[in-house]
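K.L.:
Could you build all of it, start to finish, from the sequences and the hints given here?
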Amino acid sequence: MPDDDNSPISARAAKQLFAGLKSAPALVLAVSGGPDSVALMWLAARWQRSFSRGPRLLVVTVDHGLRPEAAREAREVKRLATALGLTHRTLRWRGTKPKTGLPAAAREARYRLLAQAARAAGASHVLTAHTRDDQAETLVMRLLRGSGLAGLSAMARLTERDGIVLVRPLLDVPKAQLIATLKRAKISFADDPTNRDTAFTRPRLRALLPQLAAEGGDSRSLARLAARLSRANAAVEVLADGAERFLLLRDRGDAPQVGVRSFEAEAFALLPEEVRLRLLLRAVNAHGHEGPAELGKVETLLAALDQAVATGPRAPANGRAILKQTLAGALISLAGGRIHIRPAPARRSPKDL
20 MPDDDNSPIS ARAAKQLFAG LKSAPALVLA VSGGPDSVAL MWLAARWQRS FSRGPRLLVV
80 TVDHGLRPEA AREAREVKRL ATALGLTHRT LRWRGTKPKT GLPAAAREAR YRLLAQAARA
140 AGASHVLTAH TRDDQAETLV MRLLRGSGLA GLSAMARLTE RDGIVLVRPL LDVPKAQLIA
200 TLKRAKISFA DDPTNRDTAF TRPRLRALLP QLAAEGGDSR SLARLAARLS RANAAVEVLA
260 DGAERFLLLR DRGDAPQVGV RSFEAEAFAL LPEEVRLRLL LRAVNAHGHE GPAELGKVET
320 LLAALDQAVA TGPRAPANGR AILKQTLAGA LISLAGGRIH IRPAPARRSP KDL
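Each step along the sequence shown adds one to the number in this note's numbering, with nothing skipped, and position 199 is 218.
No lab work stands behind these hints, which were simulated from the structure alone.
Among these hints, one or two may not hold up.
What the hints assert, rightly or not - Listed next, the in silico DSBU-like pairs over lysine-lysine satisfying Cα-Cα at most 35 Å (straight line): (1) 41 - 97; (2) 118 - 316; (3) 41 - 194.
P.N.:
Right under this line is the structure:
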């Protein structure tokens, strides 16, 4: 991308944005009608026309049923998509909307509907219009929530979700460049007032970003930080993979129990804390049945395990568990010098008692 954040994106730069997608059978473009996604649609259409046989493009607009203007905006997206020679579909999020956690629920519904549309169209990828500004906001949000290294890596350019590859080709592009691109092309776009609604966390933080930028924390530097943290996170993941192989090699003589992940406690204790944390998190998420475990709760569990392993010589030697806890639907125990993680018994409902 050019250094000037206010310059329109050239055809050559746009081609680089979609590099690697030319051989895909079909692509779904998630377009809400705002400037970012409209620019994504316009750039993708121009890129597709640059070669004779490229992927089919399907434009999908998700109407969450939360704003009366959404239906009109979807019609405007369809009108522009048709003018660009692209097929368009509007999908609706039906059913009762939650009273709390609405943004997260809407996001989950949107990705679920987009994945369904991709499978129906034979598309291998879904393209979203997340920008460098979105990346900076995500980093700040997760920083304030106390996220770990993986969370502070923010959004990845490629993510697998529901069997579909989610692509964010504009992740290094500032929003100002997209608006400049649309202005040069004389293409209008919708303004979603919820992007400024301070009842939600992201708009409140967005309003603070100019103050951070004045201190040097602009979207460019924040996105660069996210990229560096992502690089460090990938390195720690490689270390965790190696540590897992190390533990498996030590267990070669032991017959594994079906449905149970087991670590030799003393060998586990030799690993760096971050690696131990990741191995424990992987095992809990693999064997639990109540969704992903919270990082803070896994940290508390690891501290309890470390304490129990440290006091092992003073613990009963009759094979009884020194420690037994449940987390995210997994049962974690320390017994006989080993840490075991298995599915926890299902919780009994009050009517079963």
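K.L.:
The structure should be examined with respect to each hint, and the outcome stated for every one.
P.N.:
Evaluation of the provided hints:
no.: 1; hint: 41 - 97; result: holds, 24 Å
no.: 2; hint: 118 - 316; result: holds, 26 Å
no.: 3; hint: 41 - 194; result: holds, 25 Å
Of the numbered hints stated above, none is contradicted by the structure.
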